[in-house]
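So the protein lines, in turn, are chains B, E, W and L.
Taking this note's numbering, the leading residue of the first sequence gets 1, the next gets one more, and so forth.
Taking this note's numbering, the leading residue of the second sequence gets 1, the next gets one more, and so forth.
Taking this note's numbering, the leading residue of the third sequence gets 1, the next gets one more, and so forth.
Taking this note's numbering, the leading residue of the fourth sequence gets 1, the next gets one more, and so forth.
Because the hints were derived from the structure by calculation, they are not lab data.
Cβ coordinates follow ideal geometry from the N, Cα and C atoms, glycine included.
Careful, some of the hints might be misleading.
Unchecked claim - Over 10 Å on every C-beta distance to chain L, these chain W residues come out as not near it, computed from the model:
#	residue
1	S16
2	L32
3	R45
4	A52
5	T55
6	E62
7	G72
8	N85
9	H149
10	G220
11	K233
12	M255
13	E271
14	I272
15	T274
16	N288
What the hints assert, rightly or not - Selected chain B positions facing chain L (Cβ under 10 Å, derived; list incomplete):
#	residue
17	A30
18	I69
19	F70
20	G120
21	P184
4 protein chains.
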Amino acid sequence: MNTYGKQFRITTFGESHGVGLGVIIDGCPAGLVIDIDFIQSELARRRPGQSAIVTQRKEGDEVEIMSGIFEGKATGTPIAMIIRNKDQRSRDYSHIVDKYRPSHADFTYDQKYGFRDYRGGGRSSARETVARVAAGAIAKQFLKQQGIHITAWVQQVGSLKVEQSYHDLDFTQIEQNPVRCADPKMAIEMEKLIRAVRKDGDTIGGCVGAVIQGVPAGLGEPVFDKLHAELAKAMMSINAAKGFEYGSGFDGAMMRGSAHNDRFVTDEAGEIVTKTNFSGGIQGGISNGMDIYFRVAFKPVATIIPDQETVDKEGKATTIKGKGRHDPCVLPRAVPIVEAMAALVITDFSLRQLASRI
Amino acid sequence: MNTYGKQFRITTFGESHGVGLGVIIDGCPAGLVIDIDFIQSELARRRPGQSAIVTQRKEGDEVEIMSGIFEGKATGTPIAMIIRNKDQRSRDYSHIVDKYRPSHADFTYDQKYGFRDYRGGGRSSARETVARVAAGAIAKQFLKQQGIHITAWVQQVGSLKVEQSYHDLDFTQIEQNPVRCADPKMAIEMEKLIRAVRKDGDTIGGCVGAVIQGVPAGLGEPVFDKLHAELAKAMMSINAAKGFEYGSGFDGAMMRGSAHNDRFVTDEAGEIVTKTNFSGGIQGGISNGMDIYFRVAFKPVATIIPDQETVDKEGKATTIKGKGRHDPCVLPRAVPIVEAMAALVITDFSLRQLASRI
Amino acid sequence: MNTYGKQFRITTFGESHGVGLGVIIDGCPAGLVIDIDFIQSELARRRPGQSAIVTQRKEGDEVEIMSGIFEGKATGTPIAMIIRNKDQRSRDYSHIVDKYRPSHADFTYDQKYGFRDYRGGGRSSARETVARVAAGAIAKQFLKQQGIHITAWVQQVGSLKVEQSYHDLDFTQIEQNPVRCADPKMAIEMEKLIRAVRKDGDTIGGCVGAVIQGVPAGLGEPVFDKLHAELAKAMMSINAAKGFEYGSGFDGAMMRGSAHNDRFVTDEAGEIVTKTNFSGGIQGGISNGMDIYFRVAFKPVATIIPDQETVDKEGKATTIKGKGRHDPCVLPRAVPIVEAMAALVITDFSLRQLASRI
Amino acid sequence: MNTYGKQFRITTFGESHGVGLGVIIDGCPAGLVIDIDFIQSELARRRPGQSAIVTQRKEGDEVEIMSGIFEGKATGTPIAMIIRNKDQRSRDYSHIVDKYRPSHADFTYDQKYGFRDYRGGGRSSARETVARVAAGAIAKQFLKQQGIHITAWVQQVGSLKVEQSYHDLDFTQIEQNPVRCADPKMAIEMEKLIRAVRKDGDTIGGCVGAVIQGVPAGLGEPVFDKLHAELAKAMMSINAAKGFEYGSGFDGAMMRGSAHNDRFVTDEAGEIVTKTNFSGGIQGGISNGMDIYFRVAFKPVATIIPDQETVDKEGKATTIKGKGRHDPCVLPRAVPIVEAMAALVITDFSLRQLASRI
């Protein structure tokens, strides 16, 4: 099931080293003005080779619109976008074709499907997220019209962690440094750490923080499709994600109700708001109009340079030799992916909401 | 959308103080032998009033099977189960009908639907989970046949936290104490804390730990419906959930790839296993045959006894007076709900897997 | 998969001789005023024993609302309705438990599920449609608010066929005769035929005609979910249905384009309409504002009184003895079912349309 | 919603005169050997210009596989196929951009979406079916392995109708004549009629007959997703379809139960079969192992050469001048489309069946 969303549905396809990747968006409202340059600029934020601290693989990531847009606007019919793989030189995969790379999906794909496309991880490669970012770029254009903005940043690399609340961060700093950290001083520390890790041929994990602002009250569904439950699924579906929390999160587990409860008050504009926001903008699975904020943990990338012991298909002990270009830290490139998935979730709920009452 | 699952689908209905609650299971394989007493015993684990540290509301929670079971076996057609509300005495709700209780779903339901069933929270009440536990009890019977077992326990209450790995816990202890903590000494501390919190008319949060054992390699889907992404959604859809992590989780963000990667080895039985299990039994969204373990954070329940300031529908400042019976700590009763949701996820993926290859 | 609809979704459950039947409606817009007496009156139109020419089984068919309606209005959460089986006397089924009744679903259920609930056909019984009619009665209340009306009638019994266009029929006549034929003279002939057939212990087929008026232009989906394709599925899902046609239907296959094309003109009110309506109110799968009309063919009911030769589970030749109360002609009772399914389709598309453009 | 199927799901995209068309198949079982030449040969059967009696538009219809096939086999991940539009010369559409062609979807698309891609009908063009035929060609390869074969032919053109039962037809004749009629003598008459109609610049309708052989007993779902209900939807979703019947169909409405009931007998191989097959191979929505046969009615194509009166967007009377290349009779090219849709339905049910019992 390679489809996500109920009303604004995306279906992605493609493998890391196949012909290309792509996405169909079904359910984009007719009449939405689509800026194709914006899609391309979002892809550039995810692209390998964009800075010295990410993988130096070359992927052009040029999007071709196949359908669904006419005279600059969504027609209401499926929008198909394809991104061809450029860096498809016929590499030698003999070193992995029969071996299971530790903490990759080689073994599980073989178990599930009986065989696998071993070229660069095939469908399990994070390259699949290029299709999500393309779709998310269209969702963002829809949300912008509704006054909804999504911001994500690198909040943690290894044990280096931005401790301030997002209220105290300057979001304009995020795109000013290669780490995409909202705190410029911490960005320098993080970059140093990533360079050191890369020098070791190693990788390191981290966390992305995100906030969604301008969401009207009333989005989300009461039971299984709670707004934060869908956000959790969407975020955890990103390669290497290990944890999700929103609002007070895991820290909320340590609090008492008398401290955690968010008092309702009326603000100067006469709107009902909450004085605190431990709820993270969501109550009973439905947005309450306050900021929605959350955090996603990512493990270190599994591809490393040092030799690793493992087994082959027959279960015999063997060694995998690391080689090639890899991401020492996936976090900077995860930022636009987190934003894209958040945009898809909110757009879907915005459209689902339209049929919720007479 | 009150339906969960693709192949083993449950649809729940009902409100806290309406006629009753219920669930339809669509897609239960024909021929499954169903033990109705087991369903009832699972409901008893979730039931209010089961111990001194949970709410003393009386809910009989007797399940009536309406359809789908014939001569003790699932027929393959929908299994409908209803649980009537017993404790439906016509209470006076005038104190909340026009007021928004802090951190409840009163305000968001009004915003979404234009009005709401204010009796005991209506559909937003955690009473809805009785239907999930009933459905989960059937899923567990399916899983048992496959040799799959799910165990959950209270791992944290407030800042009291079981620090041992689950390997060092004795699961037979869980049902021996009212907290459902796997560590009997910690259980005593936790119970003391909960009693103190209750005395204050307050509430406290915590975490549930869980492990799924016996899952064969190959379950899960590569992209959006990754096994851990569905687990995340399922867990975050439980009332009061604030965070989810699996395998190395948020701690994994601090690790290096060289330490985090799980080496494949062949065990004595000739099976390919991993030496460590930071992956939490899932690689690339697909089970690898190792234990799947995860943790869910719950906030403190919003219903407290002390007066709270808030606003009414018109946005005017007012006060909510606490009253009635409430759960000082939802964690002990969350344990069977976490298990039920996990059972639904794994059963669904088990059935989905049947069509995955020729 | 016992669910129908995308936005206005119904899930039915229950067997002919089990505890009862029921339906959950998920996606009913909040705020819809629900008249429960109307639901009951629709069930009365489907009920056995309503006239001398239908089965004399006694089914009370009293609906119990379990959830989703509060203070007379839909809350937006699932509406669950159950109808208990009253006529559940413990009959002797030994004559069919091991035999396959000709043209019933006994054999196919056994092949699909490995065994079956043999009591009165179990889930395959047309009794399941009681749940559809209950759900359809709520859909009709939604459509009434939109100015949409659905009318069905018996257009053919055996070879007795109403040849007039629906424009020349007086719909107020339909409920004035037990056949539900819109032509009172033909109704008398049809009733005679049905009585004769019953006397022989036999059954006879026929056709239902239907027209949906007041549908605004723009409902339906371009490709797979064309409005008429969903109507076809909905109608063909009714027990005993064998054929569906809309607009010019099978006769349209004999026409030339120059005659079949519906010219657009502007009417006196300034609305764009078509001069003819061979399109049946649908072009490219989307409503054009004209009347939607269609016809459904039903085979004769399989339950007859004379002995029939067949085989048992082991494939050995045997004889089925007819007994009990049966419908000599299902058409009069099919009328409210056809209307209900049409109401569900149009309601679903009405709600789906809300998200189709900015 | 441009997706069809539950387990074997296709999503199509593209417009008549855009960049191209395509389809994603999600749920194709891993390991299926895929013959790409066969896909191409099926596209050739649908292609314009294949004979003198169909449209002479030139469409190369070369399929490009983008993903999901590795070393000749389906990997279990999405199979994406694209077919670029070759005949995209920048025509002058000024004659239709503001006018509503009679019995086309111009008016309804404008009503639904607010505007439309007017080039060649955009998404409403039957060119969309090229994507279905490509997907169907993969489904056929799956079915062939199961011993299931689908055959369709032109059974009627205008009032020229093949009256024999399909048992008396020689299916090897179908591809021997440009009409795809299974009766060679009738094929000559039909071809004459189509040439005469074309000479008038007119079009004519007809019917396709089809039979599915080798389907095992047990496929289909009991209630809404009855096998014949899905076939009905699938067939009615083909452009220009107006009616569907299976088994005894509309004629069955005239029969008595005693004549219509299909007696079960045991054949020489010891299999339980039915002596007659008025049921059309389906009982209670589930296949019984006998041949499944059905008929689909198509209206005459709406594009004709003579001038036609209509209105423009403002509702003002105007005239459409016919021009260009059109199909005088869509039936010969509808044959592979009917087969493709049938293949998709049966493949989907085959896979759905895998999870139906323990």
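Cross-check of the supplied hints:
For S16 (chain W), the condition that its CB be more than 10 Å from all CB atoms of chain L holds, with the nearest at approximately 12 Å. L32 (chain W), annotated as away from the interface, keeps every beta carbon of chain L farther than 10 Å; the closest lies near 23 Å. The beta carbon of R45 (chain W) sits about 21 Å from the closest Cβ of chain L, which is more than 10 Å, so the claim that it is off the interface holds. Every C-beta of chain L lies more than 10 Å from that of A52 (chain W), the closest at about 19 Å, which supports listing it as non-interface.
The Cβ of T55 (chain W) lies farther than 10 Å from every Cβ of chain L, with a closest approach of about 14 Å, so its non-interface assignment holds. Consistency note on E62 (chain W): stated as away from chain L, and its beta-carbon is indeed over 10 Å from all of that chain's, at 22 Å minimum. For G72 (chain W), the requirement that its beta carbon stay farther than 10 Å from each beta carbon of chain L is met, with the minimum near 29 Å. Residue-level check passed: N85 (chain W) sits 17 Å from the nearest beta carbon of chain L, beyond 10 Å.
No Cβ of chain L comes within 10 Å of the Cβ of H149 (chain W); the nearest lies about 20 Å off, and the non-interface call holds. Interface exclusion of G220 (chain W) from chain L breaks down, the closest Cβ pair being 8 Å apart, not more than 10 Å. A Cβ of chain L approaches the Cβ of K233 (chain W) within 10 Å, the least distance being about 4 Å, so the stated non-interface status is violated. Against chain L, the non-interface label of M255 (chain W) is violated: not every CB pair exceeds 10 Å, the least being about 6 Å.
Separation of E271 (chain W) from chain L is inadequate, the least Cβ-Cβ distance of about 8 Å not exceeding the 10 Å criterion. Taking the minimum C-beta to C-beta distance to chain L, about 5 Å, the non-interface status of I272 (chain W) is violated against the 10 Å cut. A Cβ of chain L approaches the Cβ of T274 (chain W) within 10 Å, the least distance being about 8 Å, so the stated non-interface status is violated. For N288 (chain W), the shortest C-beta to C-beta distance to chain L comes to about 5 Å, within the 10 Å cut-off, and the non-interface label is violated.
Of the supplied interface hints, the one on A30 (chain B) holds, with its beta-carbon coming within about 4 Å of a beta-carbon of chain L, less than 10 Å. A hinted interface residue such as I69 (chain B) counts as satisfied when its beta carbon comes closer than 10 Å to some beta carbon of chain L; here the least separation is about 9 Å, so the hint holds. Here the hint on F70 (chain B) is kept, as its CB sits about 4 Å from the closest CB of chain L, short of 10 Å. Restraint check, G120 (chain B) versus chain L: the minimum CB separation of about 12 Å is more than 10 Å; hint violated.
Nearest Cβ of chain L to the Cβ of P184 (chain B): about 41 Å, over the 10 Å cut. The hint is violated.
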